[in-house]
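Visitor: Note that the protein sequences, when read in sequence, are chains A and B. So for the first sequence, my numbering puts the first residue at 174; every next one is plus one. So for the second sequence, my numbering puts the first residue at -9; every next one is plus one.
If you are wondering where the hints come from, they were derived from the structure by calculation, not from laboratory data. This structure is a prediction, so every number in the text was calculated from the model and none was measured. Heads up, a few of these hints could be off.
What the hints assert, rightly or not - One side of the interface only, derived from the structure: several residues of chain B facing chain A at Cβ under 8 angstroms:
#1 P120
#2 L143
#3 V144
#4 S147
#5 P182
#6 M183
#7 P302
#8 A303
#9 N308
#10 K432
#11 N457
To be verified - Stretches of chain A that chain B covers, calculated by requiring three or more beta carbons in the stretch to come under 8 angstroms of a beta carbon on chain B:
#12 189 to 196
#13 237 to 243
#14 273 to 287
To be verified - In silico BS3-like links for lysine-lysine, alpha-carbon gap of 27 angstroms or less:
#15 B/K294 to B/K202
#16 A/K239 to B/K310
#17 A/K269 to A/K185
#18 B/K102 to A/K239
#19 B/K520 to B/K483
#20 B/K432 to B/K380
#21 A/K185 to B/K537
#22 B/K193 to B/K294
#23 B/K307 to B/K294
#24 B/K219 to B/K63
#25 B/K307 to B/K347
#26 B/K380 to A/K239
We put the beta carbon where it would ideally sit given N, CA and C, even for glycine.
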Amino acid sequence: MLHTFVALVEDKPGVLTRVASLFRRLNINIVSLTVGHSEKTGVSRMTIVSDASPTAGHRIMASLYKLENVLQVDDVGQAACVSRELALIKVAATPKTRSHIFELAEVFRARIVDLAPESLMIEITGVESKIEGLIQVLNESDDRILEISRTGRMVMRRGQHTSRVLDAMRVPSGESESEPIAEDDEAEITEEADLPQ
Amino acid sequence: MSEAKFAGTRLTGAEILWATLEGEGVREVFGYPGGAILPAYDALRKFPIRHILVRHEQGAVHMADGYARASGKVGVAVATSGPGATNMVTGIATAMMDSIPLLCVTGQVSSKVLGTDAFQEIDITGITLPVTKHNYLVTRAEDIAPVIREALLVARSGRPGPVLVDITKDAQQGSATYDFAASAPEPYRPHPMLRAEEDSVLKAAELIRSAKRPVILAGHGMIQSGARKQVLALAERLQIPVASTLLGLGGFPASHPLSLGMMGMHGEAWVNQAIQQSDLLIACGMRFDDRVTGSLATYAIYAKKIHIEIDPAEINKNVKVDVALIGDLAEVLETLLPHLAPREGESAWMREVNAMKGECSVRDIQNLPDTGHLYAAHVMNDLWHATHGKAIVVTDVGQHQMWEAQYYKHEDPRTLITSGGLGTMGFALPAAIGAKVACPEKEVWVIAGDGGFQMTAAELSTIAQENLDINIAVVNNGYLGMVRQWQEFFYEKNYESSPILSPDYVKLADAHGIPGVAVRTRGEVLPAVKAARERKGPFLINFLVEKEDSVYPMIAAGSALHEMIRRPGHNPLIETAQDV
């Protein structure tokens, strides 16, 4: 099954290798891994999706913590969270064949971000199933996909705002917990219910 | 002290390295110089640190390892870049598998040429990534003091392990303002999953109270944590028998009536039987290694399991447990013990275990008539008697290692030094050097097979140069004994590449100015041991033992713990030794 971990790590050379090497050593495949800055200077946030046995979560998390550069790990498995992925898809299209792709993009709430005489580029954000849905529809309508670039999953728990970074670094945040935010407006409804699969 | 002497002054990186080590209390290092570490060696004479020149960098790490195991302090090894650093890898992996706190310092080519395949450049932080607890590349003089201090803290904190610090030549040659106090690391961040929650403690106490056939499994963690007092209290309060892992031997006194001895692949039959029949295993600082459990599907199926362990990643790794108490063993037991009321008198379970013991240990090895054959078991038994079980014994890997574990009864922690997890042949001789340097007042014995001894025999020269009072017992059967045993049992006696020629070890010792003697019969064992013990300085005994003897009992890899291969009846040697 897929496990999703959010790890806050020190922003130093070699830290990515250490994390990646851990999965290699456990013979676990990394499905996707995204890294970027967090809300705190010097701390990076990784979202790691890996395919491992259902019971492997504890061991992966415990092993991640054994890396000196790892500050905090969260196994977001069943937790309520917002999950997103960004994809850029380049599709072969001439002025004559463009219009139905525009329609598809509209349905999927994707955007056309580049237009060339023989191709166009779609930007789409959403859960993986939505992106895969668009790719599938493009394939089924005989549009030739030239390139796909996907960021991999990034997730954030819903509600209860406390800076996990500050928490990890043992800095009292001084903020009270905010009210749980109302359902993320369009997100889940659009993606899970409305869309053609 | 140099931290005061030099504080606030401008020093070279090399000087900062030694000043920091001195400030951290390091007085002995094991190493081998070379181009990229020469600036450090050039500065060494200004500091009160003893340097033991080794013959191979693998030896330097094993020595630091033996030093750490004997003393409980962090062992320090030094080498140059390239081949010096790669030679350390086996030693580092050995320490990693057995959770030994080490600091390995390597020289590196100048930062300006890093990544250019310069002469003797190697990516040692990359190579050692999976076999170190953590490692560092230092390219600036001002980073040396804080990194060394942090590295030592990481090495000895939590579950200990080896740490490598790779320092470029220009960092050693550069200068910086040295301030020991200001270089202090942040307090060690404990593993966030460390917890022995109140309800888990209560649940464990309830399981212990209601158990009818409990067994304590004492591992290396008992020694690392210094938890002898607490484990003794737990065992004695409820009359629970204690089985040890190989690395746990010495943690619990062998002569204690509740001590069972070693469990696992070559554990005594009654120990494994007791585990298989147990209804509660209390694992204390051990990790259910495959050499301890045999087949997992059939391992202690009637037993609930309590796992007390400092590394959360070990919980449910091999064996699913009912209660996990994560933390330092001594601390966890301190919170657990108040919940347990003492139980008086020998339990029915203990009587049952003792009955199994009597059934298995047929006769005493001491009472066997001298048939003219010399068995390794005789050697271990006699050595145990002669040294009253008080020597530090450093063993290599193979049959002799198992015989030592079976027949030498260790009373004290840190008196058996052996490579358990990685099973590194060639470990004994250099590790013994480290142990002797750490504990000069203690009697130190090397026990090595003829195979492993030849792997690192060059360190005899180190012993001679340092004139260390180390007694060396080579258990010489002309084979790679454990390989031969497996070939006998599982490969139809196809002794491919297991017979091994040895030099005349007595002559080899003599060539190093070390006296020695060959022993061929039982009667010669004790006089030879006496001669070795009486001599101040190194001494070697070449024990020419029975060639095709095997270690019994044995659990074939993957078999259940109670399915033991027993010594065939016609063999005159008994299977187990009973204390005399």
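Visitor: Evaluate each hint against the coordinates.
Guide: Hint check results:
1. Because the beta carbon of B/P120 sits about 6 angstroms from the nearest beta carbon in chain A, less than 8 angstroms, this interface hint is met.
2. Among the interface hints, the one on B/L143 is violated; its C-beta lies about 10 angstroms from the nearest C-beta in chain A, farther than the 8 angstroms criterion.
3. Checking B/V144 against chain A by beta carbon gives a least distance of about 6 angstroms; that is within 8 angstroms, so the hint holds.
4. Proximity of B/S147 to chain A is violated relative to the hint, the smallest CB-CB distance being about 10 angstroms (cut-off 8 angstroms).
5. Of the supplied interface hints, the one on B/P182 holds, with its beta-carbon coming within about 6 angstroms of a beta-carbon of chain A, less than 8 angstroms.
6. Taking 8 angstroms as the C-beta contact cut-off toward chain A, the hint placing B/M183 at the interface holds, the least distance being around 6 angstroms.
7. This hint holds: B/P302 has a C-beta 4 angstroms from the nearest C-beta of chain A, less than the 8 angstroms allowed.
8. Proximity of B/A303 to chain A holds as hinted, the smallest CB-CB distance being about 4 angstroms (cut-off 8 angstroms).
9. The closest approach between the C-beta of B/N308 and any C-beta of chain A is roughly 11 angstroms, which is over the 8 angstroms cut-off, so the hint fails.
10. The beta carbon of B/K432 comes no nearer than 33 angstroms to any beta carbon in chain A, farther than 8 angstroms, and the hint placing it at the interface is violated.
11. Interface hint at B/N457: violated, since its Cβ lies 40 angstroms from the closest Cβ of chain A, which is beyond the 8 angstroms cut-off.
12. Only residues whose C-beta sits within less than 8 angstroms of a C-beta in chain B count toward coverage, and the stretch 189 to 196 of chain A has 3 of them, enough to reach three; the restraint holds.
13. Coverage of the stretch 237 to 243 of chain A by chain B holds in this model, with 4 residues showing a Cβ closer than 8 angstroms to a Cβ of that chain against a need of three.
14. Chain B is given as covering the stretch 273 to 287 of chain A, and this is violated because 0 residues of the stretch bring a CB closer than 8 angstroms to a CB of that chain, at least three being needed.
15. Annotation: proposed proximity of B/K294 to B/K202 holds, straight-line Cα distance about 11 angstroms (limit 27 angstroms).
16. The straight-line distance between the Cα atoms of A/K239 and B/K310 is roughly 21 angstroms, inside the 27 angstroms bound, and the hint therefore holds.
17. As the CA atoms of A/K269 and A/K185 are separated by approximately 50 angstroms, the hinted pair breaks the 27 angstroms bound.
18. A hinted pair counts as satisfied when its Cα atoms are at most 27 angstroms apart, and B/K102 with A/K239 does not qualify at roughly 32 angstroms.
19. With a C-alpha separation of about 38 angstroms, the suggested pair B/K520 and B/K483 falls outside the 27 angstroms cut-off, and the hint is violated.
20. Proposed proximity of B/K432 and B/K380 is supported: the alpha carbons are some 9 angstroms apart, at most 27 angstroms.
21. Straight-line distance between C-alpha atoms of A/K185 and B/K537 comes to about 56 angstroms, which puts the hinted pair past the 27 angstroms bound.
22. For the hint linking B/K193 to B/K294, the alpha-carbon distance of about 12 angstroms falls within 27 angstroms, and the restraint holds.
23. This hinted pair checks out: B/K307 and B/K294 have alpha carbons roughly 16 angstroms apart, not beyond 27 angstroms.
24. For the hint linking B/K219 to B/K63, the alpha-carbon distance of about 20 angstroms falls within 27 angstroms, and the restraint holds.
25. Distance restraint check for B/K307 and B/K347: the Cα-Cα separation of roughly 31 angstroms exceeds the 27 angstroms cut-off, and the hinted pair is therefore not satisfied.
26. The straight-line distance between the Cα atoms of B/K380 and A/K239 is roughly 36 angstroms, outside the 27 angstroms bound, and the hint therefore fails.
Checked against the numbered hints given earlier, the structure breaks hints 2, 4, 9, 10, 11, 14, 17, 18, 19, 21, 25, 26 and satisfies all the rest.
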